[in-house]
Amino acid sequence: MVDFVYLVPLFPLLGFISLMLVGRRLGEPAAGYLATAACGGAFASTVVTFFGIRGLEEEERQVTKTLFNWVIAGDFGVDVAFLVDPLSVAMMLFVTGIGTLIHLYSVGYMHGDPNFSKFFIYLNMFVFSMLILVLGDNLLLTFLGWEGVGACSYFLVSFWFTEEKNAMAGKKAFVTNRVGDWGFMVATFLAFATIGSIDYLTINGTAAQLSTPVLAALILLLFVGVMGKSAQFPLYLWLPDAMAGPTPVSALIHAATMVTSGVYLLTRVNGLIYEALLHAQWVTNIIAWVGVGTAFFAATIAIAQTDIKKVLAYSTVSQLGYMVLAVGSGVFVAAIFHMITHAFFKALLFLGSGSVIHGMDDDQDMRRYGGLRKLMPITSATFIIGWLAIAGVPPFAGFWSKDEILLSAWDLGGLNGKLLWFFGLITALMTAFYMSRQVFMTFYGDYRFGDPDADEVDEAWAAYLAHAQDAKLEAGTAADDAIEAHTKAVAALETAREAYVDAQIELSQAADEEATVAAQKVVDAKSTAVDKAEAAEEKAQAARDEAGAVAKAASQADADARSEASRRVEPAPGEQLTAGAASEFVPAAVKQRAEHHPHESNWQMTTPLVVLAVLSIFGGLLNLPFTSDLHFLEHWLEPSIVFEHKFAASGLTKWILAIVSIVAGGIGIMGAVMIYLKHNADPKKIEKPILLDAWGYDRAVSAFMGGPGAKMFEGIAWLDANIVDGMVNGTGSFVRGSGSAVRRLQSGLVRSYALGITLGSVALLAWFLVRVAA
Amino acid sequence: MILAQAQTIAAPSVDVSILLPMLFMAVGGLLILTMTSIKKDIPAWFITSWAVGSCGGAIISSIVLWNQLGNDGASSTVAGAVGFDGFSVFLTVVIASAVAMASLLAHPYLEREGLEGVELHVLLLLSGTGGIVMAFSNDLIVFFLGLETLSMAVYVLAAMHRRRIQSQEAGMKYFVLGAFSSTFLLYGIALIYGATGSTNLIEIQGFLANNLLVEDGLLLGGIALLIVGLAFKVGAAPFHSWTPDVYDGAPTPVVAYMASGVKAAGFAALLRILSSTFSSVVDDWVPAIEVIAALTLIIGSLSAIVQTNVKRMLAYSSISHAGFIMLGVLAASDRGTSAALFYLFTYAFLVSGTMAALTILGGKGDNDFSFESMQGLGRRKPILAFALMIFLFAQAGIPFTSGFVAKFGVIAAAVDSENYWVAIVAVFAAVVGAFLYLKVLVSMFLQEPQDNARDVEIPGSVGVVLATAVVVTLLFGIFPGLLDGFATDALVELTTGQ
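Chains as they are written, first to last, in my numbering: chain V, 84 to 857; chain C, 4 to 501.
This is chain C alone, in the form it adopts within the complex:
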């Protein structure tokens, strides 16, 4: 799509190999849509495999790109609008993995809920394409394009469950508020353009490096509005209010994608634009992000405690995770960026695994998420309970899980760049968080199953997600070095003015 547009309008040079990951996702999605409209009886397993395969293509091409990056270094294409560096490739892997896992979760979900069809998979792929465009964007316009591609699909995804009224409601709410926040974002971009004369991030950074703005009101106003739009997307307080409702209402596999993929894309923009492009004005935006991070951490962790519904509780806990990742943003350093990347990668698997368990536990109708329904799971389904326990440990930040290393990394980065008070708040949120997960564990292992407890089975594709997530969570928890090396290399290189 982008390719076609770019060629007809300005005909800049296009390095197609760099665009391969998004092409895999977008073309994969469009092809399967076409196929199913031609041939009606394509089996569900084929659709799911196709979607996962498309993501696999994106991931494999990313690995190839990563190696190419090692040889040739960072570069840009499509007239500097698409930036190719370790950062974008790394996040592409995160987003593509998130889409693949959501597809796998959706497979049995659609069948159980009687919603068979190709649409959810296609929308996931297209939304993922938007996310990857955001990760690659080196221009505010391209970034906005990616954001809207991502968001439009997610609005529909949230409302995908036709028979659940909460799902419809979630989609509607998300759409109205999302559109609302997009206007802020767009206006912010306009102001930044007005202040710097460019929408290209490298040019903006270069401009700010070489010029001292006498009147920086336009620029700062633009940054403020940009922050509003992005904080909304990642669910940071005080722009988080949609999160619990939407997470509660949206189909569980979609929630998995929203918490992992959408969050990663949103942070991709925050990291690239704020931590990197606007690094020369850190004194202006860091205090604002500090307050946002602290609010997000406090509201997320404390509100989670009073919830009586596991899915809602996890929605708040995902808000508090956003607060932690914010620490990596506000560190505004290489260390912070790589810590945030590490966090995003491991969290994507963590939250997908958690949602995988919830997909199964929610039962037909996708709405039974009370603590009571978890009772005695340890005896009823020991393996599922064990996997969920690992994820909850990781979310709580227990050592030797990826969650601990991730939290440690962002807090250490914040301490490193002398943002002490937010770090202290983060430690507070971390210890409060531990209690939450304990609550679920008590339900699962200490309490007797209810008499009417449903018999649950683990469908194969969900099992794959669970197993992958457990392996990733433990592997990178015990040997963080395996991933940390990549995260450290995956820095924003393009905008440093090379």
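Just chain V, with the same shape it has in the complex:
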């Protein structure tokens, strides 16, 4: 039955090929179901393989299935072989199992996407690569899968995001992963040069004979690879960026499977690490401290994130840190245990967040969520289970596995072990806090999607003030105009009156009858003009008074608005944000949101949520600590781990540590309850901008990559960069004719090349001269 292992990678491979050929024709949703079936087939074959392995005697449970021997050089060959053992089977079970669920979920999630079938091509391709990574019986085959999953991740993220915005993310992902891959490759060559073999069984078998420097170099170089793939400090940067991809991808690749492959790799070479634990503990201490440091660091960042997926991204980095800590403590069972439970609850949380995002019109800002519990019952119920699992609440899965890791750190003994434990504990507290925060902000409180958020309120106020000020200025101008009009009317009246007086004088001096009649007419006319001017003046005066009143009112309104704005108080924590007097001016987006009605997702999306929720509740059963009989996972993995780990801590210590960690989780949850549910304190005290900014580290690296880093990058091509320009510019201005080529030569380009050659020659000659002297 172990032979069924051949089918495991074959199914997704066939799925990949057939989708390549007919995916477009199948269309939605058939292509998605085909891919799901391929992954489901792999899962079914894994289950059969599992029973096959179980049917064997314990010491025979490491089966190597060789496909063929790949002779690379005359004296060196690599078996293209699968190592089927409890470790790889355990890993395959959850890769294919969770993979199938996420495929199904994606059918619902990707509904309506123009590239629906293409998405599943990459998803199947990913599962295939991941299985090669897991099944490979040597470093090289694992590396093949390692690169394959990396490429799929890159493809799936850039699938949606090809624009310039992601160029920087791409560069960061590139640099960090290249550093990691470099470590992996050098380690492979080192194993080849020192051990003469790169398959895991030989490496683990000969670990005891390696000299300490070689051992340390091998482990640390592999660990560089792990830091890249499993997102450990300082190479974690690419992971939060990768979350820009579609949510199922985040769940499958960037939370449950691919990112754990570093931990898997270290577990595969546990023979090496065991040797280091015995003879070079500083090596394992580096691993443990990088792990706990990453866990702690990422947890602080998660506290202040406002994007629902960013919280989960940093949480993933943090949880991976736990697993690395377990490896550094030499307790591989704990690492794998947490890897499995984490895959359950983190996949659940990611898929849940995807369901929320889907329901909320693709808005990822948690500050706008709230009260979704009633609107999305299945999503919220399952998400809450995931939360309890990650927060370390017994009896949910995460509690057992995390507790085991904390215990293993403590068990290292000495101050070192206690410090590792302590930081792990504080991280657990923070984890409980930020996850509770997320749940409360999303599912509890009032539904406030239609309400403006703080930024939008500010925007509304600004618009309101601007509006009042505009009105004031306008009224002021109108009043000025009215005053001027009135002044003009007064002047006109004056003129009319003078003309009337003049006409009367003319009349009194009239000499004869005829002149009198004429003068009388003029006087009458002037009198009418005066009447008219008087009326006009009166009207202008009224207008002036009215405009003055309006201007005064506008000025008052503006002053009022200002004072309102200055009296604007920050709403008490938890109080609904409103724009108050400025309500009319909230941005249109808010109104749009107010009209949106959140909805529960379709069955393809909720079914996986329910299954994963069940697993998150009962996952702990895999390895309950109470009696040895209940250590199912530990017994299962025994054949794959070269040594048996026994905790030194007494039963009492274990109980105390467990209670302490429950208390720490409780404190974290209570803190979040106080702040985000009961609103007893202002969240701003906790959510520091520097945390939101990820301690500035990410930004600093980006700035470096964009600035000096990019310059350096291009500066290395300095010799060639000016040539690029020369080529492009030169072509346009090129004058046709026989002399042109010569002119080109005289432009200095060729001379600069020749200079390069000369300088190189001088350097070479100088070196050889040194040799002559020697």
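Please keep in mind that the hints were generated in silico from the structure rather than gathered at the bench. Note that the Cβ used here is the ideal one computed from N, Cα and C, for glycine as well. Errors might be hidden in some of the hints.
Derived Cβ-Cβ restraints for the label pairs, each shown as a range [what the hints assert, rightly or not]:
(1) Ala672/V - Ser373/C: 34 to 44 Å
(2) Ala846/V - Arg165/C: 36 to 46 Å
(3) Pro478/V - Ser373/C: 53 to 63 Å
Simulated crosslink set (DSSO-like; lysine-lysine; CA at most 30 Å straight-line) [unchecked claim]:
(4) Lys771/V - Lys501/V
(5) Lys393/V - Lys442/C
(6) Lys442/C - Lys367/C
(7) Lys604/V - Lys622/V
(8) Lys201/V - Lys42/C
(9) Lys674/V - Lys393/V
Facing chain C, according to a computed beta carbon distance under 8 Å, are these residues of chain V, among others [what the hints assert, rightly or not]:
(10) Asp264
(11) Phe272
(12) Leu707
Guided by the hints, dock chain C onto chain V, whose structure is given.
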């Protein structure tokens, strides 16, 4: 040619059978040139077939020679100036294959660009002859003769596209700089002659084995200048600056030949002269080659990243490949030599296949190599995209392609001879390189075709090159043993003093 000269001047004994491969190429080229000048309307297909046939003759005679070698062992002819060993025969196959593939690519190219004529094919054959002479040369003078025969033809080839100004420019630049570097080379030969009293490689090696030079300044100076000239030919940093411009400007089929054939000939000389003849002074030249290799790897792989033009990017990537092959040279061991030979063989097919794809994609005018023009190729031309993907995988060194085995071989050889730090740099270059090819793949498979995307067709002869290259790349990637056996046997035997 060589035959005639050699007979009139010194009348040494000449084993014509050994010279057959170069005779096929040279005579084939001259005959078709004569034929076309007598009869004007010889169809293009005939010319191409003739050129490919000449290469085929060279390859078949090489296979016969290889078997003869198995029976009789290595020997030399023309007064020890021409060395006949597995090394020379192996590289002859590489160079002749490179010429044949370039000819096949040139066939539709010339028609498309309106450049019909026999000249390109003839020049390719003559240049290939020079390359084979270099592979066979056992004497610095013969080696120089071969080098100049090879180079002269390539200068003209680079400028072959009469209507493309970049092509003219490329030819001119290449010529001026090539002549410049040749002077270094020639002076280096003179110094070596002065130091050892011979230009014959076996004699030089014997001399160095039996005498301890009190003053080795002349010799080392000579080696230094020799390295300059050869590093220029293979495009190694800091003597690489011509490569991007010339690759960019030269007709794409010619670039295929330059990257495969010319590179193979240049490394033939490096391997035979440095790794073998001067193996007694490795401590002197290996550190210099180490620095050159590291520089070449770093500049090649990092500069390639910032390119926005696929052809230019591949030019830099070919620089970085030269850096990898340098690892085989500086290993200065049998293992290194056979790893380098394996690399040269597989790379010749790899790069010819890549250039075959570019020949088609460049479109009329041979100048559209932007990443945008590759967009959506996976949908427009799935087979072409698939072939190109295989080549890019191989260039990136993905396992189960020949590129991986080749890279693995040279790095392992460098590690084996304890040149650790260069090996680490090489691994770095390998991982950086992988990104480049990913960029092209993203364009081809993830992005939508541009609205004005050209309709491309695969002409038959290009299809042959593509198919051959795919088969070779995958076959020797999955079963490296098939080729590795030959590469291991194809060692420089003559100069070991037998």
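TODO: Go ahead and decide if the range 36 to 46 Å is satisfied by the Cβ distance of Ala846/V to Arg165/C.
DONE: holds (39 Å)
Open item on the list: Is the interface hint satisfied for Leu707/V? The criterion is a beta-carbon contact with chain C at less than 8 Å.
Closed with: This interface hint is violated because 42 Å lies over the 8 Å limit.
Task: Pairwise hint evaluation, Lys501/V against Lys771/V, where the allowed Cα distance is 30 Å at most - done: Distance ~29 Å between Lys771/V and Lys501/V Cα, so the pair holds.
Open item on the list: Under 8 Å is the threshold here; is the Cβ of Phe272/V close enough to any Cβ of chain C for the hint to stand?
Closed with: holds (6 Å)
Open item on the list: Let's test the interface hint: is any C-beta of chain C closer than 8 Å to that of Asp264/V?
Closed with: holds (5 Å)
Task: Pair hint Lys393/V and Lys442/C, alpha-carbon separation not exceeding 30 Å - done: Given pair Lys393/V, Lys442/C holds - Cα atoms ~27 Å apart, limit 30 Å.
TODO: For Pro478/V and Ser373/C, compare the CB-CB distance with the range 53 to 63 Å and indicate the outcome.
DONE: Holds, at about 60 Å.
Task: Distance restraint between Lys604/V and Lys622/V, which requires alpha-carbon spacing of 30 Å or less - done: holds (27 Å)
TODO: Using the Cβ atoms, figure out if Ala672/V sits within 34 to 44 Å of Ser373/C.
DONE: Taking Cβ atoms as reference, Ala672/V and Ser373/C lie about 38 Å apart, which means the hint holds.
- [ ] Would you check the hint for Lys201/V and Lys42/C, treating anything up to 30 Å between C-alpha atoms as holding?
- [x] violated (56 Å)
Task: Pair hint outcome, Lys442/C versus Lys367/C [Cα-Cα no greater than 30 Å] - done: holds (24 Å)
TODO: Sort out whether Lys393/V lies within 30 Å of Lys674/V, counting only the CA atoms.
DONE: It holds: about 26 Å lies between the C-alpha atoms, which stays within 30 Å.
Of the hints listed earlier, those the structure fails to meet are numbers 8 and 12, in rising order.
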